[in-house]
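Peer 1: Read top to bottom, the protein sequences are chains A and B. Under the working numbering, think of the first position of the first sequence as 1, with each following residue one higher. Under the working numbering, think of the first position of the second sequence as 1001, with each following residue one higher.
In case anyone wonders, no lab produced these hints; they're calculated from the structure. The C-beta atom is built at its ideal place from N, Cα and C for all residues, glycine as well. Be aware that a few hints might be false.
Under the rule of at most 25 Å between Cα atoms (straight-line distance), these lysine to any residue pairs were calculated in the SDA-like manner [said to hold, decoys possible]:
{"id": "1", "chain 1": "A", "residue 1": "Lys-105", "chain 2": "B", "residue 2": "Glu-1079"}
{"id": "2", "chain 1": "A", "residue 1": "Lys-105", "chain 2": "B", "residue 2": "Met-1060"}
{"id": "3", "chain 1": "B", "residue 1": "Lys-1013", "chain 2": "A", "residue 2": "Glu-79"}
{"id": "4", "chain 1": "B", "residue 1": "Lys-1026", "chain 2": "A", "residue 2": "Gly-46"}
{"id": "5", "chain 1": "A", "residue 1": "Lys-26", "chain 2": "B", "residue 2": "Tyr-1033"}
{"id": "6", "chain 1": "A", "residue 1": "Lys-86", "chain 2": "B", "residue 2": "Glu-1079"}
{"id": "7", "chain 1": "B", "residue 1": "Lys-1124", "chain 2": "B", "residue 2": "Leu-1058"}
{"id": "8", "chain 1": "B", "residue 1": "Lys-1108", "chain 2": "A", "residue 2": "Leu-5"}
{"id": "9", "chain 1": "A", "residue 1": "Lys-105", "chain 2": "B", "residue 2": "Ala-1088"}
{"id": "10", "chain 1": "B", "residue 1": "Lys-1072", "chain 2": "A", "residue 2": "Gly-110"}
{"id": "11", "chain 1": "B", "residue 1": "Lys-1055", "chain 2": "B", "residue 2": "Ser-1045"}
{"id": "12", "chain 1": "B", "residue 1": "Lys-1036", "chain 2": "B", "residue 2": "Gly-1080"}
{"id": "13", "chain 1": "A", "residue 1": "Lys-9", "chain 2": "B", "residue 2": "Tyr-1033"}
{"id": "14", "chain 1": "A", "residue 1": "Lys-86", "chain 2": "B", "residue 2": "Ile-1114"}
To give an idea of the chain B side of the interface with chain A (calculated C-beta under 7 Å), a few residues [as the list claims (entries may be wrong)]:
{"id": "15", "residue": "Lys-1003"}
{"id": "16", "residue": "Leu-1004"}
{"id": "17", "residue": "Ile-1019"}
{"id": "18", "residue": "Lys-1026"}
{"id": "19", "residue": "Ser-1073"}
{"id": "20", "residue": "Val-1074"}
{"id": "21", "residue": "Cys-1078"}
{"id": "22", "residue": "Cys-1101"}
{"id": "23", "residue": "Tyr-1102"}
{"id": "24", "residue": "Leu-1106"}
Cβ-Cβ distance ranges computed for the label pairs, FRET-style [said to hold, decoys possible]:
{"id": "25", "chain 1": "A", "residue 1": "Asn-11", "chain 2": "B", "residue 2": "Lys-1036", "range": "19 to 25 Å"}
{"id": "26", "chain 1": "A", "residue 1": "Lys-117", "chain 2": "B", "residue 2": "Lys-1117", "range": "38 to 44 Å"}
{"id": "27", "chain 1": "B", "residue 1": "Ser-1006", "chain 2": "A", "residue 2": "Gly-56", "range": "26 to 32 Å"}
{"id": "28", "chain 1": "A", "residue 1": "Gly-56", "chain 2": "B", "residue 2": "Asp-1044", "range": "36 to 42 Å"}
Number of protein chains: 2
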Amino acid sequence: MEKLLSLIKFNDKGLVPAIIQDYKSKAVLTLCYMNKDAIEKTLDSGVVYVFRRSKGRLMMKGETSGCIQKVKSVYIDCEGNSVLFKVAQKRAACHTGYFTCYFRKLSKSGSFKIEGKPVFDPKKVYGS
Amino acid sequence: MEKLLSLIKFNDKGLVPAIIQDYKSKAVLTLCYMNKDAIEKTLDSGVVYVFRRSKGRLMMKGETSGCIQKVKSVYIDCEGNSVLFKVAQKRAACHTGYFTCYFRKLSKSGSFKIEGKPVFDPKKVYGS
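Construct the complete structure from the given sequences, taking the supplied hints into account.
Peer 2: Below is the structure:
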């Protein structure tokens, strides 16, 4: 773990962007941010922990929803500016209920088309 | 394009992170940063343009190497904090010569294992 941490160039806020990809479908699920603690906790526990910028604290991804991400493999980019986690996604990655956060596809007309259907109802999971 | 731009939450430096994924193999290729001009130029031209933070200017991805990325589809995440481009990658995405920038995989021992082989020799492409 020390070698990984030494190669990561954390930004001026102590964070590194982490791309989360579903290891089976290869769908890109989300982009999150990790600090040193989140990297350590993720590697130790085997499930993704993020530094939730809006809450200013470490959280297990899926802490509220149960939609955890089990780490299958970890990569660092050529310059140490980002990391890539391939994960087994439980249920869905997006708080809107969609499997991936990238469910809005730009169409030629300039509007967005929704791809896929929600896997869960966010009102039931998070409350209204 | 206006709708996409209005949905993107550019950060305090006017940038948004963009994940680049190979549309065929679904390999995550790189994470780059785009400003408003880069988004517009990418959508207008159909090839990826980035705001190269180290050079402080707009560049076509592959400007020097010829390894351009032809845009196949564009997605925005649930909160407008990042974008995802699925592209047809010419030759290789990484300046080291590897197809993806994520060619270093963390092994259980804590060291890294190189996945794949370089597609081109960076010395020949960029000079030594």
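Peer 1: Next item in the hint list is B:Cys-1101. Is there a CB on chain A closer than 7 Å to its CB?
Peer 2: 4 Å, holds
Peer 1: Is it true that B:Ser-1006 and A:Gly-56 lie within 26 to 32 Å of each other by Cβ?
Peer 2: Holds, at about 27 Å.
Peer 1: Please verify whether B:Lys-1108 and A:Leu-5 have alpha carbons no more than 25 Å apart.
Peer 2: 14 Å, holds
Peer 1: Checking hints one by one. Is B:Leu-1106 an interface residue toward chain A, by the C-beta closer than 7 Å rule?
Peer 2: 4 Å, holds
Peer 1: Closer than 7 Å between Cβ atoms is the bar; does B:Lys-1026 clear it against chain A? Give me holds or violated.
Peer 2: 4 Å, holds
Peer 1: Is the shortest C-beta separation between B:Lys-1003 and chain A less than 7 Å?
Peer 2: Since the shortest Cβ distance to chain A is 5 Å, the answer is holds.
Peer 1: Does B:Lys-1036 pair with B:Gly-1080 here, judged by a C-alpha cut-off of 25 Å?
Peer 2: 13 Å, holds
Peer 1: Let me know if the C-beta of B:Tyr-1102 comes in closer than 7 Å to any C-beta of chain A, holds or violated.
Peer 2: 4 Å, holds
Peer 1: Would you mind confirming whether the straight-line C-alpha gap from A:Lys-86 to B:Ile-1114 stays at or under 25 Å?
Peer 2: Status holds; Cα separation ~16 Å.
Peer 1: For the pair we were handed, A:Lys-105 and B:Met-1060, check the Cα-Cα distance against 25 Å.
Peer 2: Roughly 23 Å separates the two Cα atoms, so the pair holds.
Peer 1: B:Ile-1019 was flagged as interface toward chain A. Is the shortest Cβ-Cβ separation under 7 Å?
Peer 2: 6 Å, holds
Peer 1: Starting from A:Lys-9, check that the Cα of B:Tyr-1033 is at most 25 Å away, please.
Peer 2: 16 Å, holds
This entry satisfies every hint, going by the numbered hints stated previously.
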